[in-house]
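Undergrad: Residues per chain, in single letters:
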Amino acid sequence: MATPQQLQLLAPLSGVLMPLDQVPDQVFSSRVIGDGLCIDPTSQTLCAPLAGVISNVQASGHAVSITDDNGVQVLMHIGLDTVNLAGKGFTRLVEEGQRVVVGQALIEFDADYIALNARSLLTLMLVVSGEPFTWLAPETGVVESGQPLLSLNPSEVAADERIAQEGEALFSKPVTLANANGLHARPAAVFAQAAKGFSASICLHKQQASANAKSLVAIMALQTAHGDVLQVSAAGADAEAAIKTLAELLAAGCGETVTVVAEAETVVVETSSLKVLRGVCASAGSAFGQVVQIAQQTLEVSEFGESPQAEREHLSRALAAAVMALQQLRDNATGDAQADIFKAHQELLEDPGLLDQALALINAGNSAGFAWRAATESTAALFKSLGNALLAERAADLADVGQRVLKLILGVEDRAMELPDGAILIAEQLTPSQTAGLDTRKVLGFATVGGGATSHVAILARAFGLPAICGLPVQVLALANGTRVLLDADKGELQLDPDLAAIEQLQTHRQQQKKRQQYELENAGLAACTRDGHHVEITANIASLAEAEQAMALGGEGVGLLRSEFLYLDRNHAPSHDEQASTYSAIARTLGPARNLVVRTLDVGGDKPLAYVPMERETNPFLGMRGIRLCLERPQLLRDQFKAILSSAGLARLHIMLPMVAQLSELRLARQLLAEEALALGLTELPKLGIMIEVPAAALMADLFAPEVDFFSIGTNDLTQYTLAMDRDHPRLASQADSFHPSVLRLIASTVKGAHAHGKWVGVCGAMASEKLAVPLLLGLGVDELSVSVPLIPAIKAVVREVDLLDCQAIAQQVLGLESAEQVREALRQHHETTVNTSLVLEN
Amino acid sequence: MFEKMQRAFWKALTPDLVVDEPKVVAQPVCGLAPNVVAALGGVDNLKSQQPVALTRVRVELRDVVQMDRQALTAAGVPGVMLLEGGVVHLITGLQP
Chain A
1 MATPQQLQLL APLSGVLMPL DQVPDQVFSS RVIGDGLCID PTSQTLCAPL AGVISNVQAS
61 GHAVSITDDN GVQVLMHIGL DTVNLAGKGF TRLVEEGQRV VVGQALIEFD ADYIALNARS
121 LLTLMLVVSG EPFTWLAPET GVVESGQPLL SLNPSEVAAD ERIAQEGEAL FSKPVTLANA
181 NGLHARPAAV FAQAAKGFSA SICLHKQQAS ANAKSLVAIM ALQTAHGDVL QVSAAGADAE
241 AAIKTLAELL AAGCGETVTV VAEAETVVVE TSSLKVLRGV CASAGSAFGQ VVQIAQQTLE
301 VSEFGESPQA EREHLSRALA AAVMALQQLR DNATGDAQAD IFKAHQELLE DPGLLDQALA
361 LINAGNSAGF AWRAATESTA ALFKSLGNAL LAERAADLAD VGQRVLKLIL GVEDRAMELP
421 DGAILIAEQL TPSQTAGLDT RKVLGFATVG GGATSHVAIL ARAFGLPAIC GLPVQVLALA
481 NGTRVLLDAD KGELQLDPDL AAIEQLQTHR QQQKKRQQYE LENAGLAACT RDGHHVEITA
541 NIASLAEAEQ AMALGGEGVG LLRSEFLYLD RNHAPSHDEQ ASTYSAIART LGPARNLVVR
601 TLDVGGDKPL AYVPMERETN PFLGMRGIRL CLERPQLLRD QFKAILSSAG LARLHIMLPM
661 VAQLSELRLA RQLLAEEALA LGLTELPKLG IMIEVPAAAL MADLFAPEVD FFSIGTNDLT
721 QYTLAMDRDH PRLASQADSF HPSVLRLIAS TVKGAHAHGK WVGVCGAMAS EKLAVPLLLG
781 LGVDELSVSV PLIPAIKAVV REVDLLDCQA IAQQVLGLES AEQVREALRQ HHETTVNTSL
841 VLEN
Chain W
1 MFEKMQRAFW KALTPDLVVD EPKVVAQPVC GLAPNVVAAL GGVDNLKSQQ PVALTRVRVE
61 LRDVVQMDRQ ALTAAGVPGV MLLEGGVVHL ITGLQP
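As given, the protein sequences belong to chains A and W, one line each in that order.
Its first residue numbered 1, the first sequence is counted upward by one per residue in this note's numbering.
Its first residue numbered 1, the second sequence is counted upward by one per residue in this note's numbering.
By construction, these hints were calculated from the structure, which means they are not laboratory data.
Treat each hint with caution, since some may be false.
[As the list claims (entries may be wrong)] Computed beta-carbon distance windows for the label pairs: (1) A:L382 / W:G42: 54 to 60 Å; (2) A:Q8 / W:G42: 54 to 60 Å; (3) A:T298 / W:R69: 54 to 60 Å; (4) W:T73 / A:Q8: 25 to 31 Å.
A quick note: this is a predicted structure, and the numbers were derived from the prediction, not measured.
No residue lacks a Cβ here, since even glycine has one placed at the ideal position from N, Cα and C.
Next comes chain A alone, as it looks inside the complex (with noise of 0.2 Å):
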């Protein structure tokens, strides 16, 4: 064997360079490729920075790439999306299988149409078989051609491996990946250098898939993430050695500062004699029967293809038939909101960003399958990189119909699945494709350890009427087939066996919850006055005109939170004034001159933002411009919006709502300009002009702001996370950022106190105010109007009719008092049932 030597890879243009993170494209500065650097050329003939035979030159003569003798490939890409020249402006010089010497000139390209005609000229550098390296010459500035730039330490495992591999391999324990990004480029480059200090061959595992730990691309193809389970296997002399440096090396984050996963997570697994396993409520209800576990199919795919042109025409014959499936499927869909997952899906499908990092793959020599994979996972986890609830669950989107094109590249087919009568279908993440096929006359439920509240099994579950739990702890993976199980998404729980006796309970339960509905609906026109005679006006949260009107049906007493930012948000560009009005005013005529209409301003950001209102991306959108602040910023966008609300004064009574506010001077801002609006339009009154309380501050000045507003409505949701410094959709808090934590409760009852000493109303608009638990407790603190989701609308009018005030007040003192929202809720359950008698109502 050749003695190793440092091999030197010289620049192939003269130019800039720039740091390969900043290039604007994400398949490059991701290196999902490989690492390497970037060059912005001031010369136009690209030259060999290393010897060896062109292995890939692509017809287009954008991209070439050279493998020298020792396995080391180098691969050079000329600008970015410059494949869409198809050749334009490029000569090449030399032809696949060719050997090339250092230096040779392989492509000429003018650089003049290639600037005025594509995307970029920035020409990538990138050591695709993953060798480390370290640069001869500063990481900036300027560079010559010919210059030598990075020197490379050919690995010399490809022969030791062979035979290491014959030798029994050992497993080191399962490591809880603790890195925030997975093992992206740095840390895997970091753990692949370590693993290459042993002679032992190593692979590196999550759950089927593995890799050889010592090449930085096949590690970073696991696409490992956050919290996955990684295990270490070695075979060879040194394996034990191996094993035990490179779990701990795993363990410490490889190189990146890590919080480190508790053990207590591989404890818990080992307890089986766990009853319960918890989780977040996604769709209510509950549903007794067998686990069914879904595993999402794993496909192997190879790395390199054919000819570019023929790969090209695999993923384009797949991605055709791949619209065509989920044009079937829209068009079999069980309802709307299935038909607009799989709609969005077709979307995905022809989104230039994902189809162009494909290419640009299949360019560089890989198959379809793999390039297709590479595009839509490191898109996936881009989405999933930035924090964002929402952009999570569109990973899981890209995620699935990934998997849908990769399955017809491979002529994978998909088989019906066979389900058993009551199944409880458990899953890692179920996606839209999967529950799509499935036989819902025979599913129960679903119970999930990824997804939240806005995940598709949420909102399929909910269009089927099923119950469903996300975030249970991963345990619920390993439940046998078969296993009798009670799902109880009410309480958020899965019962492992249960008993008999749970088991009637849940179902005459059932049965009382059919009839109590009923009952409500029946009663749905009654005014919600409690017992003792004391009014509490029930109100819708709408975002749409069908949902007044629904509203209004359901016999809501008005609106008490219209989310405005649902009529901006299907655009490009903003609503006209026209079109707003119009909005506005035939929401206001449902409603009539007698009902209140409570129109929130544009409440957007940084995490929900507008396509026409183009924001700098902050690193904490939930602290950062949304609400008020951002209409603040952009007084016009709020001006248009105030006239426009305007145009439907006495059509109802209008009320106008700020979102966000946090300071007087915001508050007072906004009414200046409100005034302004109202008087241009010659109005002489002004509209009721009220603040959301949903950040700590307000609630605890409340007693500040009331003598300058209207009215208050507290937001909970907000309210609680910013409190409880909890993130609502965050996977693991998301259970314990609770609206019924005594400390969100004590700012209700100081806002409630702040405003009634000065005859101002409080309403709750949270998702609080839809728990018919909460019900009493919000009446106790003196909130006199509940802003409820359009289909509790009757339930809640009911509980209201049910209690006593002077009961709700006491109550209410007893939990302000309490540690912590179990706690609460526990309270209130017993309260609840002391004083409520729901059997009395069911006669009636």
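Fit chain W to the supplied structure of chain A, relying on the hints for placement.
TA: For chain W alone, coordinates are given in the frame of chain A:
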């Protein structure tokens, strides 16, 4: 609704890929820094100029000889590419 949000997200993520209106040329005719213009031989030597390819400004000079490379480097232009017909690419890097 869902796909609309999706579009909004794509737009927010990849503003450079989803262009919905022609981008206004970021720099007006005299948008180059004065010392860069001077190094190119003054305003009178400039036939045209336009930002291209994310990292470059493409200028057409009447007389290439009047261009002062050292002055360009001093003016903070790290890369200069002299092409045919008086065309010069100034490599200015990614614009924020």
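Undergrad: Under the constraints set out in the numbered hints, which ones does this structure not fulfil?
TA: Going through the list in order, the structure violates hints 1 and 2 and respects the others.
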